[in-house]
Amino acid sequence: MASVNEPARELTAPAPVAHLGISRRTLGVYLFCYLGLAPVLVLFVYLRVIPIITTLAAGFYNWDMIRPIRVFLGLGNYIELLRDPNFQNALSNTAILAAGSVILGTVLALGLAVTVNARITGAPIYQLIYFLPVVTPWVPVTVVWKWIYDARYGPLNQALAALGIPGQAWLVEDRLALISILIVMVWKTLGYNLIMFLVGLNNIPQEYYEAAVVDGARGSTIFRYITLPLLKPMLLFVVVISTINAFNVFTPVFMMTSDIQGAAAKLVRTLVYDMWENGFRYFRVGYASAEAALLLLIVLVLTLMNMRLFREDR
Amino acid sequence: MLGRRSRHLGVMGVCALLVAIMIVVAPAYSAPTVRLSLWGGFPEIGPFYEKMAADYRRANPNVEISILTHPLRDFERKLAATIPADTAADILEISTYALQRFIEAGFIPANPPATDTFLKGKAYPDAMKTINTYQRKSYGIPFFQGRQVLFWNIKMFQEAGLTRAPQTWDELIDYCQKLTRKGGGSGVGEKWWFWLYPAGGTIIEQRPGGKYRAGYGNQAGRDALKLYVDLVHKYRCDDPTLKRDAEAFALEQAAMFTRESWIIGFVRNNNPGLLYTAALLPKSRRWGTIINPVNFYVTRSSRNADVAWDFINFMLRPENQQQLLEMTGWMPARQDVEYKEQIRKAPQFKAFFEAPEGYEFYWYLPIGPFDEILTKLAARLERAYADKSLVDNPAGIARVIEEAANETNAILRREGLYSE
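Protein chains in written order, with my numbering: chain A, 737 to 1050; chain Z, 1018 to 1437.
Wrong hints could be hidden among the right ones.
Anything over 10 Å on all C-beta distances counts as not near chain Z; from chain A, calculated [what the hints assert, rightly or not]:
1. Val781
2. Arg784
3. Met801
4. Ile802
5. Arg806
6. Asn822
7. Asn853
8. Ile884
9. Leu914
10. Asn938
11. Tyr944
12. Phe1019
Here chain A is said to cover these stretches of chain Z; the calculated rule only asks that three of the stretch's residues, wherever they fall, bring their Cβ under 8 Å from a Cβ of chain A [stated by the list, open to error]:
13. 1095 to 1106
14. 1175 to 1182
15. 1235 to 1241
Pulled a few chain A residues facing chain Z out of the computed Cβ check, cut under 10 Å [as the list claims (entries may be wrong)]:
16. Asp800
17. Pro821
18. Gln824
19. Ala953
20. Ser994
21. Tyr1018
Calculated from the structure, these hints are not laboratory results. Even glycine gets a Cβ: it sits at the ideal position worked out from N, Cα and C.
Chain A on its own, in the form it takes in the complex:
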């Protein structure tokens, strides 16, 4: 209790405190940020979050998209999917394509990036050449590759014939059709991975290399102990993005191998193609939604595995 002899304390108004226990000024800053983000967030929720939730929910129903009748099946769609030979085939093909394109796309791009980064003559031209497929839309690319792969008149078989190798039924034979799609996928995405790795390489401080040279390290030793560890974050990014893109492969399969009238091709069934066929050809939207949910789960698990594999040691 204050005594008579103590000087009176100067009374000042306390800082205004909002209900959340933070100052009004801080609240104002938060509000401003969220209001600024609101339009984008609303769009994101409407175009991404709601469709994802709706799709996950639809996977538990039998729904043909045309009538409002939905019959609850529980896990019925998922059980049928796991027994469906088309789904198994699609999963197998997609896994092979994903593994192949991620490994080849990453290794080749890394090798090219290291080569281009070595300040060779015409490096920007090489970057342009490799990046051109990335910016070219999928549809015209696949139309051109379809002709390249043509068994009778395609330039690929003509080149092989010049080397004395018999022409191959690229898009017709099972395994060859898969390899043909894989080649196009790697070709299309190589430039993007190359640019990413170049960015990563340029972010490695030169002092590390100078110090390594002083210590007597050369070539592969520098690459293994300096370049690769410091490139881990970018490697993780490239592998994750490549994995996600590879599992979503659709356009090359649809354009080059599906049953367009008169097409001489063996369908390479992939997960997204199977989903599209189930949903929009057979009108089994619930079933296709269950397949989409499984695809989401697979990609999520693989992404988490990659993150664990490439995490930096602290």
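We have chain A; now place chain Z onto it with these hints.
Chain Z only, in chain A's frame:
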């Protein structure tokens, strides 16, 4: 008092004012513009539709018709998205099997009385009346049909010492071994049906009570699969590196193949010097071919349904059906029109209009899952054709047929359409 010049100026001013008023006001008194859209799944028919739209417009200047055609499979996917959203065109040109689900869900109205009467008259065979009827109401009107025959290259046959098309399965196998360049053909499921039917089977057979079951889980199915496996692996009648279908035949890479009449228009445009003709499909235990009508439908979202039907009736006029055959090669659906002139110009058409005694017709059943059944069967058949171990392997062939038939029946069961 006004001078002469002033009077002239005044008169000209009044005339100009009257013309301006007419330009502004007159359109309000003219017939309102009616805009129709037509979507089709066969791009080669696009020029025919454009001509029909232009001809119709001459008689009906206030009607504007826009035409859009897509490759068939893409068109079916487009309809899957647009019909439920009521954003499809006024007029759709499509087969019943692709539209059956929408008919059952009420997106396609039944035919108006005049169209219903016309369909049930003498213009169309009974098969088409059956295909276009659902729960005693008619939907759509047939426009053209896909009837399959065997096209054969006269020159290649002559080089092999052959003077006519094979008429039986045994002759087909015999001819295959004599010809240096063989056959081709895409569309696996439907093409297998052409061998399955003569063998005594079919893809789906109707059971009492209006339900269905697989019609090939029997000896006919096994015989048809055995024939095709033998044609591919034993007699080397098919080459997977061949350009498929019409291209292969037009490029003289295939001596014979099965297809619809549009091939005649295709060959005329791409290789008019090709020496070829057409014949009925070979027979076995029975004889026949597929008859697959492609219809016109008016969607429920059409704001000018009466004008749409009027335009459809215009295209169905005899002279326009003859033009369809001449311009595109597609066989018109109307059987009460004379096509002698078109057959005279292209004798290859003759086989399409023949129906000797004992020659039967079969068709896609108007049930929702038919496309799924045929597509999944085709995937199994493709794997079987590539499997050399099935040659002289009756147990292997029986296993393939049994598994495929079980899958077909499972789909029918799922849709509530199965009956043993």
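So, going through the hints one by one against the coordinates:
1. The beta carbon of valine 781 of chain A sits about 22 Å from the closest Cβ of chain Z, which is more than 10 Å, so the claim that it is off the interface holds.
2. Even its closest Cβ contact with chain Z, about 20 Å, leaves arginine 784 of chain A beyond 10 Å, as expected for a residue assigned away from the interface.
3. Chain Z draws methionine 801 of chain A into its interface by the beta-carbon criterion, the shortest separation being 6 Å against a cut-off of 10 Å.
4. Not every C-beta of chain Z lies more than 10 Å from that of isoleucine 802 of chain A, the closest at about 5 Å, which undercuts listing it as non-interface.
5. No beta-carbon of chain Z is positioned within 10 Å of the beta-carbon of arginine 806 of chain A; the least distance is around 14 Å.
6. Here asparagine 822 of chain A does not stay apart from chain Z, with its beta-carbon only about 7 Å from theirs, under the 10 Å limit.
7. Even its closest Cβ contact with chain Z, about 43 Å, leaves asparagine 853 of chain A beyond 10 Å, as expected for a residue assigned away from the interface.
8. Non-interface call for isoleucine 884 of chain A relative to chain Z: holds, since the shortest CB-CB distance, roughly 15 Å, exceeds 10 Å.
9. Every C-beta of chain Z lies more than 10 Å from that of leucine 914 of chain A, the closest at about 14 Å, which supports listing it as non-interface.
10. Once the 10 Å rule is applied to beta carbons, asparagine 938 of chain A is consistent with being away from chain Z; the minimum gap is 44 Å.
11. The claim that tyrosine 944 of chain A lies off the interface holds: its Cβ sits roughly 54 Å from the closest Cβ of chain Z, which is beyond the 10 Å cut-off.
12. Against chain Z, the non-interface label of phenylalanine 1019 of chain A is violated: not every CB pair exceeds 10 Å, the least being about 6 Å.
13. Check result for the region 1095 to 1106 of chain Z against chain A: holds, 4 residues qualifying (beta carbon to beta carbon below 8 Å, three or more required).
14. Figure legend: the region 1175 to 1182 of chain Z, annotated as covered by chain A; annotation inconsistent (0 residues with Cβ-Cβ distances under 8 Å, at least 3 required).
15. Counting residues of the region 1235 to 1241 of chain Z whose CB lies closer than 8 Å to any CB of chain A gives 0, which falls below the minimum of 3, so the coverage claim is violated.
16. About 7 Å separates the beta-carbon of aspartate 800 of chain A from the nearest beta-carbon of chain Z, less than 10 Å, and the hint is met.
17. With 10 Å as the threshold, the beta carbon of proline 821 of chain A comes within range of chain Z, its nearest partner Cβ sitting at about 9 Å, so the hint holds.
18. With 10 Å as the threshold, the beta carbon of glutamine 824 of chain A stays out of range of chain Z, its nearest partner Cβ sitting at about 12 Å, so the hint is violated.
19. Among the interface hints, the one on alanine 953 of chain A is violated; its C-beta lies about 53 Å from the nearest C-beta in chain Z, farther than the 10 Å criterion.
20. A cut of 10 Å between beta carbons decides the hint on serine 994 of chain A: the least distance to chain Z is about 8 Å, and the hint holds.
21. Annotation: interface hint on tyrosine 1018 of chain A holds; nearest CB of chain Z at approximately 4 Å, less than 10 Å.
In summary, the structure is inconsistent with hints 3, 4, 6, 12, 14, 15, 18, 19 from the numbered list given earlier, while agreeing with the others.
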